[in-house]
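Trainee: Each chain, written out:
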Amino acid sequence: MPKVIYGGQALEREEDQSVLDCLLAAGVDAPYSCRSGTCQTCMMRAVSGEVPERAQAGLKDVYAAQNYFLPCVCYPEGDLEITDPGDVGKLPAEVTSVESLGGGDILGIRLKPLTPLDYRAGQFIRFFKDEHLARNYSLASVPALDDELSLHVRKVPGGLMTGWLFDHLKTGDTVTITEAAGDCLYVSGKPEQNLLLIGTGTGLAPLYGIIRDALYNSHRGEIRLYHGSVTPEGLYLDAALRELAQQHPNFHYIPCVSGDNVPANARSGMVLDGVFADLPKLNGWRVFLCGHPEMVKSGTRKAFFAGASMNEIHADAFT
Amino acid sequence: MSLYDQLGGEAAVNAAVDIFYRKVLQDDRISRFFDGVDMAKQAAKQKAFLTMAFGGPNNYTGEDMRRGHAHLVAQGLNDSHFDAVVENLAATLKELGVSDELIGQVAAVAETTRNDVLGK
Chain G
1262 MPKVIYGGQA LEREEDQSVL DCLLAAGVDA PYSCRSGTCQ TCMMRAVSGE
1312 VPERAQAGLK DVYAAQNYFL PCVCYPEGDL EITDPGDVGK LPAEVTSVES
1362 LGGGDILGIR LKPLTPLDYR AGQFIRFFKD EHLARNYSLA SVPALDDELS
1412 LHVRKVPGGL MTGWLFDHLK TGDTVTITEA AGDCLYVSGK PEQNLLLIGT
1462 GTGLAPLYGI IRDALYNSHR GEIRLYHGSV TPEGLYLDAA LRELAQQHPN
1512 FHYIPCVSGD NVPANARSGM VLDGVFADLP KLNGWRVFLC GHPEMVKSGT
1562 RKAFFAGASM NEIHADAFT
Chain S
545 MSLYDQLGGE AAVNAAVDIF YRKVLQDDRI SRFFDGVDMA KQAAKQKAFL
595 TMAFGGPNNY TGEDMRRGHA HLVAQGLNDS HFDAVVENLA ATLKELGVSD
645 ELIGQVAAVA ETTRNDVLGK
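Sequence lines, in order, name chains G and S.
First residue of the first sequence: 1262, per my numbering; consecutive thereafter.
First residue of the second sequence: 545, per my numbering; consecutive thereafter.
Everything labelled a hint here was simulated from the structure, so no lab data went into it.
Backbone N, C-alpha and C define an ideal beta-carbon position, used for all residues, glycine too.
One should not assume that every hint holds.
Far from chain G, some chain S residues (derived; all Cβ distances over 12 angstroms) [claimed, not checked]:
| no. | residue |
| --- | --- |
| 1 | 557 |
| 2 | 569 |
| 3 | 570 |
| 4 | 588 |
| 5 | 592 |
| 6 | 602 |
| 7 | 604 |
| 8 | 612 |
| 9 | 642 |
| 10 | 662 |
According to the in silico footprint, chain G covers these stretches of chain S (three or more CB under 8 angstroms from chain G) [unchecked claim]:
| no. | region |
| --- | --- |
| 11 | 559-568 |
| 12 | 624-635 |
Below, simulated EDC-like cross-link-like pairs (lysine to aspartate or glutamate); rule was C-alpha separation at most 16 angstroms, straight line [as the list claims (entries may be wrong)]:
| no. | chain 1 | residue 1 | chain 2 | residue 2 |
| --- | --- | --- | --- | --- |
| 13 | G | 1416 | S | 582 |
| 14 | G | 1563 | S | 639 |
| 15 | G | 1558 | S | 639 |
| 16 | S | 567 | S | 639 |
| 17 | G | 1431 | G | 1355 |
| 18 | S | 585 | G | 1311 |
| 19 | S | 585 | G | 1355 |
| 20 | G | 1264 | G | 1311 |
| 21 | G | 1563 | S | 571 |
| 22 | G | 1558 | S | 582 |
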C-alpha cells in the first residue's frame, strides 16, 4: 500500500484515497474547502516522491516549481513525503562580511551556510538574533552565481534586530537562519516574456537576485527595474545596476527619487507613477513587487488593472 | 455535452477569471467587500466559483459558502450586491464571445448559490 509520510509518520493510503482524505482519516487537522482542486486551501509541499501532474494543475508556476501540490486531488503512484507549506528547518551560518551599502543606512551582510541550503533567487530567510528575536530578510544572491547568501538590511530607528545587526554583528560570527521560503522568484520556461520589477528601499534585494537569475538563464524578453527611494543614498545599488544595464541591452534600470534632492540621472517622483506613465498596458507581462506594504498593495492592483494576469503578479510586502 | 464542456472547460475558466475579477474590483457597488483581502488568494476563490458556475467539477457545499460570506452579510451584503456579481459574470462571458443561451445557463447555476451567499 502506498504511504503518505507527514510529520515523521507513515500513513497507510488506500489506492483510491486522496492524500487529503488520508490525512483526515489519520486525524490530521488539515485545512481544505472545495475538495476538487480549485480553491487551493489545502495546498502542501512535497519533500520527496513523485507528485502527479493533476495535483498541480492550476497552481501558480512558482508553486509548482517548488513541489507544492493540492492534496485533495493527489493520488500518487508511490510513497509521498509531504509537509505543511510554511514549514522550514533551521541551520547555522557563518558571517563572511558586513559592509555599508551606498554610504547610507543600509547594511550588506554575507553568510555562508554551514549545512547545505537549497534556495531560489528572490526567496527570503529568517535570521535569528536569539530564541526570542528574529526577522525575515530577502536574499539578493543567486545560487548559481554566488557562493554566499547576501542580505540587504535597512536600519530601523530604535529597532531591536537592526540595532544588534548594525552594532554587534561581525565577520566570523555564527548565526542561526531558516531555510528559504517565498514565491517571489524567477521561473524559466518563458524566455520571451517581459518582466517588470518594482521595488522600494531594500525591496531591491530580492529583485536584484531575480534579475541576475533571469539574465543567467538567458532571458530574452525586456526586463525593466524601477527602484524607488526617498533619497539618492537609498539608490544603494546604482553603480552595479548601471553596469548590468550596460552589459545586457534587454535590462533597463530606472531609479526614482521621491524626495527633493533628485540626481540628474534619476526620475523625480513616486516609483509607481514612473512605472505606469511608461507602461499603461501590462498584458502578458510578469510583475514582481517588493518593499513598502502600501506600494506593494497599490502596485499589485494597478498592475492587475493594467492587464497583467493575477497568476503572473508576484508580491512580497516588507512589514 | 455538458455546460462545462460547451464553455471550453478549464481553459475557459482560466480565460475568464482575470476578466471577471477585474470587473468585480472595479465595480463601485461591490468593490468595498474586497478591501483588505489577499488578491492572489481571492483570485483562486474566484476560480473555484467560476468552475462551479460553469458546471465544472466541484464539491460545492452551501455550508462553506455561508461560512465564507457571513462576515460580509454582517457588513450589509444583500441581493443588490449578488445581482451585481451575476451581472459582471454575464458581461465577462459576453466579452469572451459566449452565446446568450449559455450565459443564461451559467447565471442560473450561479443563482442557486444566492441564499447560501446571503445567509438566508
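Trainee: Compare the structure with each hint and give your call.
Mentor: Taking the hints in turn, this is what the structure says about them:
Residue placement check: residue 557/S does not keep its beta carbon more than 12 angstroms from all beta carbons of chain G (closest about 8 angstroms). Annotated as non-interface, residue 569/S brings its C-beta within 12 angstroms of a C-beta of chain G; the closest such distance is 7 angstroms. Not every CB of chain G lies more than 12 angstroms from the CB of residue 570/S, the least distance being 7 angstroms, so the non-interface label is violated. The Cβ of residue 588/S sits about 4 angstroms from the closest Cβ of chain G, inside the 12 angstroms cut-off, so the non-interface label is violated.
A beta-carbon of chain G is positioned within 12 angstroms of the beta-carbon of residue 592/S; the least distance is around 4 angstroms. For residue 602/S, the requirement that its beta carbon stay farther than 12 angstroms from each beta carbon of chain G is not met, with the minimum near 5 angstroms. Under the 12 angstroms C-beta cut-off, the non-interface status given to residue 604/S relative to chain G is violated; the minimum distance is some 8 angstroms. Separation of residue 612/S from chain G is inadequate, the least Cβ-Cβ distance of about 8 angstroms not exceeding the 12 angstroms criterion.
At roughly 20 angstroms from the closest C-beta of chain G, the C-beta of residue 642/S stays outside 12 angstroms, upholding its exclusion from the interface. Here residue 662/S stays apart from chain G, with its beta-carbon at least about 19 angstroms from theirs, past the 12 angstroms limit. Coverage of the region 559-568 of chain S by chain G holds in this model, with 4 residues showing a Cβ closer than 8 angstroms to a Cβ of that chain against a need of three. Under a criterion of three residues with beta carbons nearer than 8 angstroms to beta carbons of chain G, the stated coverage of the region 624-635 of chain S fails, only 0 such residues being counted.
With a C-alpha separation of about 28 angstroms, the suggested pairing of residue 1416/G with residue 582/S is violated against the 16 angstroms cut-off. Taken as a hint, the residue 1563/G and residue 639/S pair is broken in the structure, with Cα atoms around 21 angstroms apart against an allowance of 16 angstroms. Distance check on the hinted pair: residue 1558/G and residue 639/S sit about 28 angstroms apart at the alpha-carbon level, beyond 16 angstroms; violated. Of the pairs offered as hints, the one joining residue 567/S and residue 639/S holds, with about 11 angstroms between alpha carbons and a cut-off of 16 angstroms not exceeded.
Our distance criterion of 16 angstroms between C-alpha atoms is met by residue 1431/G and residue 1355/G, whose separation comes to about 10 angstroms. Restraint check: the Cα-Cα separation between residue 585/S and residue 1311/G comes to about 26 angstroms, which exceeds 16 angstroms; the hinted pair is violated. The hinted pair formed by residue 585/S and residue 1355/G fails the criterion: a straight-line CA distance of about 37 angstroms is larger than 16 angstroms. Between residue 1264/G and residue 1311/G the alpha-carbon distance is near 12 angstroms, which keeps this suggested pair within the 16 angstroms criterion.
Of the supplied pair hints, the one linking residue 1563/G and residue 571/S holds, its CA atoms being roughly 15 angstroms apart against a limit of 16 angstroms. Between residue 1558/G and residue 582/S, the direct Cα distance comes to roughly 9 angstroms. Compliance with the 16 angstroms bound is thereby established for this hinted pair.
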